[in-house]
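S.K.: So you can see what is in the structure, the chains are spelled out below.
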Amino acid sequence: MALSFYGRIRLANKLLPLLQKASQPRVLSILAGGQEKRLWLDDLQLKDNYSLFNAMDELTSLTTLALARLAASYPSITFLHSHPGLVGTDIMSNALLTERPGVLGAFARFSVSNVIVPIFRSFVAITPRESGERFAFQLTSERYTSSDKRKADGSSPICPELGIVNGLYLLDQHGEVKVNKELLQKWMTDGSMDKVWDHTVFILEGGGRT
Amino acid sequence: MALQDMRAHNLSLASRPPGLVALFTGATRGIGAETLRELLTHLKSPRIYIAGRDASTFSDHLSELRTLNPGAQIEFIEANVSLLRQVDRVADCVLAAEDHLDLLCMSQGQLPVGGPVCASSRHVLYRAAANSTESRYRGWH
Chain E
10 MALSFYGRIR LANKLLPLLQ KASQPRVLSI LAGGQEKRLW LDDLQLKDNY
60 SLFNAMDELT SLTTLALARL AASYPSITFL HSHPGLVGTD IMSNALLTER
110 PGVLGAFARF SVSNVIVPIF RSFVAITPRE SGERFAFQLT SERYTSSDKR
160 KADGSSPICP ELGIVNGLYL LDQHGEVKVN KELLQKWMTD GSMDKVWDHT
210 VFILEGGGRT
Chain A
5 MALQDMRAHN LSLASRPPGL VALFTGATRG IGAETLRELL THLKSPRIYI
55 AGRDASTFSD HLSELRTLNP GAQIEFIEAN VSLLRQVDRV ADCVLAAEDH
105 LDLLCMSQGQ LPVGGPVCAS SRHVLYRAAA NSTESRYRGW H
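Which chain is which? The protein sequence lines are E and A, in order.
Plus 9 on top of the position in the first sequence (first one is 1) and you've got this note's numbering.
Plus 4 on top of the position in the second sequence (first one is 1) and you've got this note's numbering.
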């Protein structure tokens, strides 16, 4: 997941010149846009603060801030950081079904396969099919215009109260902008965005090796 | 926004000009795969690149996608996008073949819980550094 963050930013970064040549280019990263909560600015790789939930929060924040930074530099491109909501893919069962030895492990695997996953799929989650329809919409709808277009229409390209930072939209599965606006405003003004970007470039350029 | 409105919008994609160019990473299964399928169903003559780990396991799925929209050009780029040097190769493939790119859709990655994704979960976040180091030694830099 951490790797997918750096890999996604690297891929987007390399393809920006090609995207700029399209008439309405769009970059969509499906992770957890709008779910930003915390950022360990002095420990971006969580060397001292690692836990599963901390890592998910950190990667969500890093993704939003790095994409916001790219969006600021490339105003003709629409960037979307989206949260799929609960979807019945096998990602959750894969995560829960990993090796745990002994009787307890067997019991855990049985419960996950026969109780937890079926209940989750039937009552809580949307199907991957439906999620695909929702993201096909996000990738093509005129609703999510670029920063340049918003400016030309007289709307502000920076609108943290709407979850629009530069040309970056933070979207939920309903395609609505949804965001912790105080937090986003703080990150945009206290140097967090630049610090995250500098760190990302450092890693992508091969930094951090021993 | 209601799902039915999104569906109506997706149906209207059939009237868009042909030849949209899109790159998908993480679309060999799950949400990414379904997003790709939905676009492929409606768009006229799109050119679609799919980056994925294993061309042979994806070949049946790929044939099915080609049947779904015979006017589409679909290229599979075999690459493990969790390695930075292979990310570069994916980008280079598209850069070499296209003069523009309309859509980039990224959904790769897994939850960092247990298992082979992070056998030592405490260090999952260090792996980026480890990999970029490896990439560098292998001549990526």
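Because the hints were derived from the structure by calculation, they are not lab data.
Errors might be hidden in some of the hints.
As the list claims (entries may be wrong) - With a Cα cut of at most 16 Å, we get these calculated EDC-like pairs of lysine to aspartate or glutamate:
{"no.": "1", "chain 1": "E", "residue 1": "Lys30", "chain 2": "A", "residue 2": "Asp92"}
{"no.": "2", "chain 1": "E", "residue 1": "Lys30", "chain 2": "E", "residue 2": "Asp181"}
{"no.": "3", "chain 1": "E", "residue 1": "Lys56", "chain 2": "E", "residue 2": "Asp66"}
{"no.": "4", "chain 1": "E", "residue 1": "Lys23", "chain 2": "A", "residue 2": "Asp96"}
{"no.": "5", "chain 1": "E", "residue 1": "Lys204", "chain 2": "E", "residue 2": "Asp52"}
{"no.": "6", "chain 1": "E", "residue 1": "Lys30", "chain 2": "E", "residue 2": "Glu191"}
{"no.": "7", "chain 1": "E", "residue 1": "Lys195", "chain 2": "E", "residue 2": "Asp181"}
{"no.": "8", "chain 1": "E", "residue 1": "Lys23", "chain 2": "A", "residue 2": "Asp92"}
{"no.": "9", "chain 1": "E", "residue 1": "Lys23", "chain 2": "A", "residue 2": "Asp103"}
{"no.": "10", "chain 1": "E", "residue 1": "Lys23", "chain 2": "A", "residue 2": "Glu68"}
{"no.": "11", "chain 1": "E", "residue 1": "Lys30", "chain 2": "A", "residue 2": "Glu102"}
S.K.: Hint numbers the structure violates, sorted upward?
M.R.: 1, 2, 6, 7, 10
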